[in-house]
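Letter by letter, the chains look like this.
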Amino acid sequence: MTLNGVWGARIKLVTDADSLTLALGEQDGQIRGFAVLRHSIGAPEAATYYSVSGSRTDRFVEIHLGATIGNPSPPMAVRAALTWGLLAGTTDLSGVAQPIEFRRSARANDGVAGTWALTSTTGTPLAIRDTIVVLADGRGRRHREEPYYGFGTLAIWTRNADWLVLRQFAFVSDIPSRDSVRVEANALVRTTRLFDGTTVTETYQRVQ
Amino acid sequence: MNGIRTQAMRLLGAACVVAGCDSVTDAPFEQPDARPIVYFAIDNGWALFSVPPLGGAPRRLTVTQTQLIFPALSPDGSRLAFVSGGDAGGVYVGAADGSGAERVYVGRPDHIAWSPDQTRIALGVDGEIVVVPLDGSATDTITAAVEVHASYPSWSSRERIAFTSRAPFSFSSDLYTIASDGSDLRLIVSVEGAEARDPAWSPDGSRLAFALGLHGGSAIFTVDANGSDRRRLTPEPQWGFGSTDLAPAWAPSGRWIAFQREHLLCSGADCENRYDIMMVAVEGGVVRNLTAEHPWGGAGPSW
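Protein chains in written order, with the numbering used here: chain E, 1 to 208; chain S, 1 to 303.
Read the hints as simulated data drawn from the structure, not as lab findings. Keep in mind that the hints are not guaranteed to be accurate.
What the hints assert, rightly or not - Now the stretches of chain E that chain S is said to cover, found in silico as 3 or more residues with beta-carbon under 8 Å:
# : segment
1 : 8-16
2 : 115-126
3 : 145-153
4 : 180-191
Unchecked claim - Chain S regions said to be covered by chain E (calculated; three or more residues, Cβ under 8 Å):
# : segment
5 : 207-219
6 : 268-277
As the list claims (entries may be wrong) - Now the in silico label distances, taken between C-beta atoms and shown as ranges:
#  : chain 1 : residue 1 : chain 2 : residue 2 : range
7  : S       : Arg186    : E       : Thr124    : 31 to 41 Å
8  : S       : Arg60     : E       : Val207    : 54 to 64 Å
9  : S       : Ser267    : E       : Val96     : 23 to 33 Å
10 : E       : Thr201    : S       : Ala88     : 34 to 44 Å
11 : S       : Ala88     : E       : Tyr148    : 40 to 50 Å
12 : S       : Gly86     : E       : Thr124    : 23 to 33 Å
13 : S       : Ser267    : E       : Tyr148    : 26 to 36 Å
14 : S       : Glu293    : E       : Tyr148    : 26 to 36 Å
15 : S       : Pro28     : E       : Tyr149    : 17 to 27 Å
16 : S       : Pro28     : E       : Thr199    : 52 to 62 Å
Every residue gets a Cβ at the ideal spot worked out from N, C-alpha and C, and that includes glycine.
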């Protein structure tokens, strides 16, 4: 069973309602990805991002979380075994070992999985290129190129009614941690209101 | 020669252990290829660097201009052209280390390519390919008479210029070649739903290296000058490992290709998404990271 996908677990940080989400990619026994630690108190968007690296031998997985941005947090590790679709083991968050059990996050695909490319802009163009990759397992990628700025990032996506919400691995502060596009019949659409009051609509078409 | 070759293979083997390899190649490393690869990176603003392909620390070039991007070594490696985005912005040409550079063009092209005789440069400017003689005579827009939106020129030893054409906001682009006098336009690579970009001629003008894929997920390929025999050099991007491979540059021998890779680079528990200068044998195989140990990474190599 592959680790590729999005995994979620409850974790006791401040309260029992804190959560840790892993977005993992696996190749030749190596693991890469990112993690989002969400706190149950504070602002709804309060979260700490970690880069993830690790390894897997048979069903045993060791994952290291480091290089945080957002709320400063010490690095931590997860040692777990993949059994019956669960990733269960321990984590050493805050220096104290505690059990942790990840479940694969389900996604309502709704046909949104695929590769979407920016194909038109009304108003003043903001970007030269923009690609949103939506994988059926909940992972995503985003690459945006503007005239004097650009970023590429891993992401997790969710659906919220007519919206596709991307939680982007904001490993540096100038990458937005969230982005939302409206899901229309055959397109993704983002509307941005600029400081001067004008509106720019960017439309993405499915290309794969 | 054997010593250099052995050293190269040892370095490639070490890189394989650290970074993981698809397979091990035995491509020979020839003396001309030992000349440093020049590239740009962020180090208190955009700056030019060189790195020896056989291993060693990158060195920042001492150039008086600021905001430096798109370096281009001349075919014999004796001169360097680059773009400055600073106050006195434009295209500069100087010695191989960037010293003594003088402005030869006012404007900000998307790429620079040297003519085989090193008397002219081709620039991608506002959707056209502009040839600029270095003796100060008049420029020539060689794509003025053809229906393309051209960028990223590369000038072959056989006097053909390769470029990519992409309509604004199109998600696909094609790769063309044209004679350096503006005649004989040929479509070389066109893949529906993907961008063919960043062409680079091999030193003998027989093949082209280029990037193919969508923005954010591309790999390096080579193809014959007539568009046949397309070969993949770098793997399909994979989530978390995958990469955006762009901007290939041939070694003087034609046996190696350097390119820029966007990827998630991990050191222990810490990972960062960044650009690095990589090299791979033209037959494929081991991909070696030349800038992994350095905080600024790199982009836009010229060899």
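Index of numbered hints that the structure contradicts, given in increasing order
1, 4, 8, 11 and 15
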